[in-house]
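Asker: Spelled out from the first residue to the last, the chains are:
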Amino acid sequence: MVNELLNMASSDAGKMVLGLIGVLVFVVVNALLLTWAERKVAGHMQRRIGPKEVGPFGLIQPIADAIKLLGKEILTPAKVDKPLYYLAPVLIFVPVLVSFIVIPFDASLQVTDINVGILVILAFSSISVLSILMAGWGSENKYSLIGAVRSVAQNIAYEIPLLLALLPVIMLANSLSLKEIVEKQEGLWFVVIQPLAFIIYFIASVAETNRTPFDLPEAESELVAGYHTEYSGMRFALFFLAEYTNIFIVSAIAATFFLGGYQGPLLPGIVWFLLKSYFLVFVIMWLRWTYPRVRFDQLLNFAWKGLIPLAFVNLIITGGLLKI
Amino acid sequence: MTPGEWIFIGVITATMAGTLAAVLSGSLIYAMFGLVTAMFGMAGIYIYLNAPFLAMMQILIYVGAISILIAFAIMLAGPMYRRPKEWTTLAKFAAALAVALVSLLLLLKVVIGATHNASEAKPLVVTTQELGRIFLDRLTLPFELVSLLIVVSIIGAIMLALFSKGEK
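Chains as they are written, first to last, in the working numbering: chain V, 980 to 1303; chain G, 4 to 171.
You may find that some hints are simply not true.
To be verified - Capping the alpha-carbon separation at 35 Å, the derived lysine-lysine pairs in DSBU-like fashion look like this:
(1) LYS1163/V <-> LYS125/G
(2) LYS95/G <-> LYS994/V
(3) LYS125/G <-> LYS1302/V
(4) LYS125/G <-> LYS1061/V
(5) LYS1284/V <-> LYS1302/V
To be verified - Reference listing, derived: stretches of chain G covered by chain V, where coverage requires no fewer than 3 residues with Cβ under 8 Å from a Cβ of chain V:
(6) 51-61
(7) 66-76
Said to hold, decoys possible - Sample of chain G residues at the chain V side, in silico, Cβ under 10 Å:
(8) MET35
(9) PHE36
(10) HIS119
(11) THR131
Since the hints were made in silico from the structure, they are not lab data. Even glycine gets a Cβ: it sits at the ideal position worked out from N, Cα and C.
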């Protein structure tokens, strides 16, 4: 299998390099766009306008911000645990890049269709928690460490309903390949059959990406900035990029699993896929500016006593109905 | 050597380095990250054995769940400098050494005695289907026993949480 993979890589070397450049460009553009969109959405929800000075509708604002970040000095605090401190922002990018290998943007626009595709994304997403832990531990800062501890607890709690909410869809589609799951939704989106699973997945994914109302790992009013308190300049920007790309990835998985992915009338598939994904991204932003942060006990109780039992019931009912 | 073999050597080296870090590191958190590296190496070996599903499960369960739980346990444990002295007595060290030596000898016997024949069977394309079939067909009893074990441990954990010392 490894030889097959290597053959594929060498025979399609040009395509591979193009794909990688495409992914990197997409990651950066997506993050720039989302920071702008976040400020605009926040502005309009609070009856302000948001950024408007730099470029039309303030569209060039994120580029100005990015240049400012690039120009900043990269400080390394004296007492940090060096290997962990340096490795964390690099490692947080691994799951982000791996996820793009299997996401089907269009019927033919996918780096490679692995038959255990969704498992690749879910398996590698755990690395982001490990790198948050590395950052928190390596920073030798109490706020960072508390942020990392919260992140770990939150991740244990919300990983379970997330997986349990995706399982009914995998059972319905009879496949782990993202492309096949999309193909099975021709005519009827799985959100119609599995509305509960969709809601559970969406809530759990908001928690997994550390977004408000579940942003306790980086709660700025309590923890300064949580696990990335001690990071500056480009290292901080890497955390930032990874966070915004993760928002896109969870939305893209939701669109693929529940909203028919790239399927839709008239418009080309990629337009539908991006429309659905960015609509969900908008909903995540909408949540952020609508709800206050939950308390930590509420957060854990909600997962263990609410979401997980519900997800199990949903899974058992789906399994039962499929076998009748 | 082909590139595939070079990568294989890299995977093995990473696995060994990870296990060594897990065993030898004085810091618990480094030991945990060593374990994570070793688990990734194991997943790499599964890829070489044409079992991508097992490889992903290895990462999902051992890196995503077990290691995170270990991290959680480290977070809940007391700081290292408050380590009680009775943890490392001579008797305990001797017992640990004896167990390690006996298991090393047993492993060596197995490794030296094995003939390492490559399987003639063709690798499966869709491994998940075949795995599911085997679990609910030929291996039903062990499969159910494992689930029983998990139920017992869950009940045990709940009992510990409910009736921890001093509280009723």
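Asker: Against the structure shown, which of the earlier numbered hints fail to hold, in ascending order?
Answerer: Violated hints (numbers, rising): 2, 4, 10; every other hint is consistent with the structure.
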